[in-house]
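Respectively, the protein sequence lines represent chains A and B.
Read left to right, the first sequence gives residues 1 to 284 (the working numbering).
Read left to right, the second sequence gives residues 1 to 314 (the working numbering).
Simulated from the structure, these hints should not be mistaken for lab results.
Hints are all accurate, no fakes.
Partner residues aside, some chain B positions facing chain A, computed with beta carbon under 8 Å:
hint: 1; residue: Val274
hint: 2; residue: Asp300
hint: 3; residue: Tyr302
hint: 4; residue: Asp303
hint: 5; residue: Asp306
Using N, Cα and C, we set each Cβ at its ideal position, and we do this for glycine too.
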Amino acid sequence: MANLKTTDKKSKSQSMGMHTEVLTGRTQQKFFNPSEAENFYYFGTYDVDFNKRTELDVKEMTAPEANKEIDNLMSQGFGTIVIKNPQGKHSLGVGILNKLNLIFEGSLGYFGMGSCDGPTVRINGRVGWSCAENLMAGKVVIEKNAGSCFGAAIRGGDLICKGSVGARTGIDMKGGTIIVGGDAGAFTGFMMQRGRIIILGDVGINLGDSMYDGTIFIGGKIGSFGSDAVPADLTASDKDWLKRKLKVAEIGEKFDVSKMTKIVAGKKLWNYDNLEPHEKKGAI
Amino acid sequence: MCGIAGLIYKDKSVNIGTQLQGMLQALKHRGEDSTGYALYGDTDGKNFIMRFKVGENVGEGSSSVSEETSVYDERIKIVNSHILGMGAKIIKEERILPYSLRYEVSYDEKDLREFSRKIESVPGVEILSMGKSLEVIKDLGNAKDVCDRYNLDKIVGTHAIGHARMATESGVDIKSAHPFWGYPFSDVSVVHNGQLTNYWNNRRLLENEGMRFMSECDSELIAVYLAKKLRDGATLEEGMKASLAGLDGVFTYFVATKDSLGMAKDTMAAKPLVLYESDNLIAMGSEEIAIRAILPQEIDTYDPYDGEVKVWQI
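All chains should be modelled from the sequences, with the hints used to inform the complete structure.
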């Protein structure tokens with residue numbers, strides 16, 4: 001357990017009055033007791049009923065106002081919310097930590113659906129840069145195109161774009177699955193660490209550049225491979241997984257997955273062979 | 001971070017001043033140190049329209065030094081005498097602001113270089129644009145400020161590009177504001193979002209070949225670079241494609257001529273651009289909300305890819 005202590009030994013930040021404690025111990029951990037129900041409360045979440053549906057017109061709202069209203073509706077138990085007139089506004093739908101059916105009737109700007117954990121989202125439009133950045137869990141479906149940095153740093157969940165996406169799709173992703181029905185730009189999978197990317201169309205230059213781990217599947221042409229990105233054999237289990245995933249994603253169900261190219265990390269760039277197991281874990 | 005926007009109607013003229021103002025105002029969070037418009041208005045095509053400044057805006061946030069209005073008056077007198085001295089005739093003369101003027105000039109020579117050199121030999125004078133259709137208007141403040149100050153809502157035309165600037169590597173002043181005129185070619189203008197890293201190398205090479213720089217803003221390089229390519233006989237599209245290798249750094253830029261609008265995106269695709277394309281209208285901007293300012297209904301847009309160059313003609 002981590003302990004907070006008051007100490008006389010002052011660091012620079014302490015002398016500036018920023019804090020007075022030092023954190024000691026191995027790590028910050030919290031141990032849950034199943035008999036204590038309050039320990040299962042997830043801050044910022046609500047019990048919602050998917051059959052309880054409402055609409056929210058955000059035309060005259062700022063993004064913070066719209067997001068607060070979504071939160072307010074969830075607190076009232078609404079489990080299905082339809083957002084009208086998003087009109088390309090930035091940062092809509094961010095930080096939702098609930099199970100929720102969220103439908104956008106229109107396009108989003110930058111950072112839409114960022115830092116979410118659990119909602120099922122359908123966007124009947126396009127999205128700008130950095131859609132669903134840092135997604136933890138849930139499913140986000142975009143019916144049209146997406147901008148660059150699609151699914152940056154996601155850790156889980158499914159992120160699906162039925163159109164084409166910009167550059168640096170899945171940059172720094174640490175888990176989850178990104179599926180693109182159309183083409184993708186340069187640096188797809190740049191520095192990805194885990195997870196899977198499926199692109200049914202073509203991709204630009206430097207595919208999988210500096211990827212640590214994870215897998216990329218490409219259905220079309222590849223502009224060029226990035227550093228340390230190498231082709232790998234497409235196994236039977238890969239094909240099975242691809243078929244299932246495309247079916248669940250309602251995208252490319254008839255796509256011939258056997259013709260896809262599989263790309264993995266060559267694991268030369270980061271001196272994997274010279275690392276101890278605990279160092280490899282740290283690198284990822 | 002800066003914001004750029006552009007639009008071109010292929011089959012009609014609209015109130016482009018108002019439309020571009022709406023697009024740029026939607027991008028004001030990307031920078032409002034200065035805002036610039038390159039408007040291609042409907043004219044009879046007989047005379048050149050010359051937008052020029054005889055001083056800087058020294059208002060709030062400006063990095064310029066204050067000068068007396070009498071200094072401006074003296075400069076204008078010299079400019080007028082130079083125009084007459086070169087065989088040109090001032091058809092219409094408007095002093096929009098103490099430091100900013102708009103002239104309609106009758107001038108038969110096709111080469112504007114000598115003409116421009118002579119005018120700009122007057123200290124503190126800079127031609128912002130010269131063309132049969134193009135008018136570059138740029139000043140400190142956000143899009144609405146500049147639009148109101150210069151009455152741009154009255155300008156009707158086919159296409160326009162504009163820029164909302166957050167000053168980073170050069171001063172908060174009009175000379176560093178976009179758009180840049182593609183001197184000495186009439187009706188050529190450029191706006192840029194990004195940063196060029198081989199500015200000084202290129203500038204030295206181009207200055208040695210007689211090209212003119214008026215600021216230390218890296219974006220001016222694009223206008224000068226393209227002007228040099230045009231001078232060497234390249235088409236606009238050829239020049240833009242060459243710029244992908246010739247210019248180093250991250251950039252999305254727009255260039256406009258009397259009858260066309262183009263965009264180019266660097267090979268890293270590091271700067272944003274959203275594009276809407278239909279049979280009669282192309283609208284593009286750093287963010288979708290810029291396009292939404294003129295097309296509030298649901299539309300199909302996309303991000304052009306790395307190394308992409310597109311040119312549309314009226």
